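Novice: Below, each chain spelled out in residue letters.
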Amino acid sequence: MKLVKVHIYGYGKWKDVSWDLTDKGIQLFFGENESGKTTFMSFLKGILFGFPKKGENQYLPMEYNAYGGTITIENDQQERIVIERIKGRKVKGDVTVYFEDGQTGDEKTLEEILKNMDVSSFQGIFHFDLEGLNGIGNMNPEDLNQLLFDTGIGGGQSVFHLQKKLHSEMDQLFKPRGKKTEMNVLVKKLEDTEREVNKWEERIDQYDELTNRLKSFKQKLALNKQSQHEINTKTNKAEKHELLIDLAKDWESKRLLIENENNIVSFPENGLKRLDDFLDKKMDKQALLRNEEVKLQVIEEEISSLSLHPQWSSMRNEINSLLQNEEMYKGRQQELHNMEIEKEHLINKMSSLELGWDKEMNGESFESIPFSPYMKGQLQDIKQRLNIEQETDQRLSEDADRLERELDFKEEAVEKLATTLLPSKEIDELKRNIKVVESRTQIDFERTLLKDQQNDMINQNKAMIKREKQQQRFFVVLSVVLLGTSLLSILFNELLVTVVSGSLFLIFLFLIITKRISIRKTKNKFLIKEEVISQRLEEKELALTDYQLSDVKKWKEELEKHQKQLSLYEQGIEHLQMLREQRKEQEKRILQCNGKIESILNELKEWCDKYHIPNKLSLEYFNSLLQAVEEWKKYEEEVNRIEKKIKQYELSQIAFEKRVEELINNIGVNDELSIIHSMDRLKHFLIEQGELEQEQNKKEHQRNHYKETVTRLKIELEEIQREINGMLNKAKVSNEEEFRHYGNDFERQTKLKNEKLQQWIKMKIIIPDENELEKVINLLLYGDYDPVEEQKRLKIDWEQLESESDELRQNIAALEKELSFLEKDGTYEEVKQIFTQMKEELQSIVKRWTIASLSNHIIEEVKKVYEKDKQPNVIKKAETLFCEMTEGKYIKVFAPLGEQRFIIERNDGIRFEPAQLSRGTCELLYLAFRFSLALNDPSYIKFPIIMDETLVNLDRTRRKRVLSILNEMAKERQILFFTCHHHIQREISDSSITFV
Amino acid sequence: MLRFIHCADIHLGRSIRTHYDMPQQLTEKIKRATYDSFEELVCKAIEKNVDFVLISGDIYDREQRYLRGQWFLKKQAERLNEQKIPLYIIHGNHDPLIDSKDKTTMPDNVHIFKKDVKPIYIENKDHDRIYIYGFSYPSKAFFDNPAPLYQHVGDRDAYHIALLHGQEKTQFGHEPYAPFTVKELVEKDFDYWALGHIHKRQLLHHNPPIIYSGNIQGGNRKETGEKGAYYVELTKSNASLSFFNTASVLWETISISIDNLNTINQLADRIEEEVYKRIDNRVYLFTIHIIGNGVLHDQLIEDNEQQNLLALMRNDIFTTPSVWIDHINVLTSPSIDRERLREQEHLLGDIVRIVDSLKDEKDISSVVNPVFSHPIMKKYITDLEEEEILEIIDQAEKKLLSPLISEVEKL
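Protein chains in written order, with the working numbering: chain B, 418 to 1413; chain R, -10 to 400.
In short, the hints are calculated from the structure, not lab data.
Hints may contain errors.
Okay, derived cross-link-like pairs now, BS3-like style, lysine-lysine, Cα gap no bigger than 25 Å in a straight line [claimed, not checked]:
(1) B:K1241 - R:K33
(2) R:K63 - B:K632
(3) B:K1124 - B:K712
(4) B:K1061 - B:K760
(5) B:K1170 - B:K1181
(6) B:K978 - B:K848
(7) B:K419 - B:K1359
(8) R:K64 - B:K1264
(9) B:K1209 - B:K666
(10) R:K64 - B:K596
(11) R:K368 - B:K632
(12) R:K64 - B:K1234
(13) B:K635 - R:K63
(14) B:K654 - B:K635
(15) B:K605 - R:K367
(16) R:K63 - B:K592
(17) R:K33 - B:K1264
Please read all numbers here as calculations on a predicted model, not as lab measurements.
Based on the sequences and whatever the hints tell you, model everything.
Specialist: Structure below.
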């Protein structure tokens, strides 16, 4: 980038003035002091980076309105750009950038053009003045690096600001010894919370110990309770003892009183009163007894006046039973009469039955026939069998008649058939004729076959001869050729050919001859065969006769008819034979049947004899007779039964009558009375005696009652007396008087004893155990023991224990509350939750801090890269320039690794730090670095280098060397040199602008 | 048919890792969350009248004082006891069987397995025969393979159910206690494996079911979504598994893009809209990832802007006690081509290259040293995980690149 034109509208002393700048070598600006050099330089800076701020020298024109101007620059692409900055609302002024193509731009465009170089970088790199030279002693690699760094990145300021911001961000979050940063504040809270957590954990950790303590407290409480219980028991006892004291004293005094008196050991209970009662009762009973004894006597007399029949009791039952049977007796009498009539009727029926068969019976009676179902069955069997045999006999006779008739008919038919048959001679003739005619047909067929055979043979013969003749012809031609050849070879004296062809000729000649012979042989063979066949043909011809085929058919029919008639005849003969055999068989069967009938009739006879039945040969007779006998036997049986029954009834009637008679006699009636009258008398007796008996029973009952009363009263009197005696005995006295005296004494003593017993029971209620009670009474009456005192002592002990237990209970409640609290309370977890959240928060902030810190670290790392990679180039270039400027006196410039300083080595090997160098040399070193830096400008902007009187302190030689370096640099870079010194103006011979 | 509930990793008394300065009402709710969740589970068991309830380890955190947890478990066990529902428990790495016996006596329906696998035989109402196997950790660390400890007792017609607290070998993110493989468990021929230890619910195997029921209350922002237990209906041929939520406090993560958003207010509106889409009558703890690239990126990358946004969310937008924005994670990116930058010889390139080398090393200990070695701070802060370190490096890079980027663009 080069400045090609500067136009000031108004700036400090400058008003509407413009300069064209050279594009070759150093552009010198010469002017005396106050000529406007500094104003010009300020104008350049102002146009590029903004007018100076308030408080600085703003170079506002005094009597002129226009403020600002333009700078025309030419970029690397030789494009001219006009930058105009004029007064605006802002102090830095308003910028307009004009491009060659007519486009315009603003501040931003300008920044882009300047690649974001800021004014400080510009000052640091491209502006050289005396002030810089003065500060050279303090120059160190870090500053250099910072400069490099700042300029190396388009917006060096951004990185700077960024780093600054990062630092402030980090500082806001964390400072190692800070108190107010976010992390430090949070950590403080965390520490507090952790302490709280720990406190809680300690508290919870005490859980086990608290549990144990609770357990021991509870045990102690239980023990106390036990002790208190024991004290209560004791107190209880003492209270009882207290109650006992008065009772015991009373009881003891009674005991002593009883002990000292004569004791009546036995006396009836309530004796005196009981004695009086007994005596009163005794008198009453005696009076009653006397009364009853009188009544008894009267009734005895009344009973003895009544009289009953002596056998009354047995008789009563008998009479009653007879009366009951009286009706039955009458009924039986009637039935006997009926049975007699029935019997008579049956006997009549029987004799009329027998009378009907009287004639047939030959003097035998029905009674003599032993009728039984078996016998009847035998007759049935005989009858049945006889019937079957008779039927069979009849059937057989019929069959025999039928057979006889069939036989006669058949014999007649066979005889008729025999007359129709042919004689045997005639049949033989017919058969022969037929045979002859059938053989001629066979010969015809054979002859045709032979003729075909003969024709085939002739054809074959012809073909074979033809083939043989063809071969023969071929051989003839071949032998002729061979003969020719042999002849020619003889002519040409070819002996070998002659011999060969000659011999071949001979061989073929031989073959021809042989062929001819074989043909002849074959011909002969055929002729012989043909002859044989012809002969056989002739034979066949001869065998044929004159018979015709139509005759044969007629003969055959005749023969067939004869054959049929013959077979019919033979069948007839056979049938006839069979019929004759059947007739014989039939006759035999009839004879057998007649025999059987005979034997059955015999059997019937035997049956009649056995059962005393007259033998009449009619079967119907037997049936009827048996039927009559069966009926008769039935009536007989019935008669027997009735007779038996009559006998039984008669016996019963007699027994009844006899008993009635006996009873009548017994009651004292001796008259002969009928059964009916006797029965009436008996009834009357029964009623009379019954009434008498009733009266007697009543009296006896009364008597018994009086007897009983007397007996009872006597027993009661005895009992009373016994009681009285018992009481006297018990009191060990003999009379009433003594008894009454004893009685009074006994009552008094009993009362005393009762009172003592009452006391004892009262005491037992208090102490039920008698042994213990006795001991306690003894102790109370005769020992050194005061239950009231004892109670007081026990009460003190109990109260002491109670107060201890109260305390324990309070402790237990507190512990239980604490334990339950520890179990259920969520505060610990809440604190812990908050603690976790704080930690999480802290972790987040740490991350934020880490990001900032890491960003910073990256910047540092980038700087190091610059230090390592970029700085060496600058130092190297500076070393070269410095060496050149000092004519090789100083040969090395370097920054030791990790140290923030430069070391300069002289050509004699001695090393210096910049501060140790002379001012002039130091200025040279500064220039060398600055030139190197400007040449190594990382932004590649190639900005013009502005030098403000920088060479004044140098001697001429050094100045010349520096100028030569500048001139060299000016080829690549625009250099604006400001001076007020003429000699410098002269030394820089290039174009110059002079300010006046 | 058996009907039971399988849960694990109750962690009674475990604090929920959310941020500080919550409204009191919310803190109260969160403090109770684990207890509420377990109580809900017990209600479900009673409602379903199950045959039994299985807890596969880590009922409490022994490291925290678990007195209240024990008291609470006892109360809940008593509720189950009234319904005659037994409770089978194993202890895991967070609540191993230690020498000192538990301070609270549990009711009779609670069966706690000892350190050996000793099957318990029971019969349910349908007279099904059931063997329940399990063992408790004798101490916090248990590195043996547990599979050989489980020996089938025979009786193949009966049901065999195992409780196991440990890590399936392909899982990660938890201590590798009692490591086993699914194959080993399948070979045991049991009817159901009730697993615990891994907080993420997962079905490792279908037949037989091998299941991590997950924990019942999300404890940090990684444990998102519904949490609860499995209600199981088991026959010899089939298993019906249904998960039910018991958690009343849920962690959710939502991502909001800043694409096409121009102001922080628009962003806040978007967040509000998204959050209201997700919530119901339960309490939600949200992690908001802000992603995408847009004009808001430069603003959001500023730490104080992030803090302002968080404060706006917490104090002005979500005033209801059922929503808490736990964390806002700005993951927006500037519209830059890192690959291109890396190739360039200027400051941004240098930054990208340095960030890359940091990412390779994954070591920022020297940077964090002032905080992490601070005598007081170090007590309360947790070492950063690798993932977090990478995230921080990314954030730092954005923090640098974003303000510089506009200038780079002009180069």
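Novice: Out of the numbered hints, which ones does the structure contradict?
Specialist: Violated hints: 8, 10, 11, 14, 16, 17; rest satisfied.
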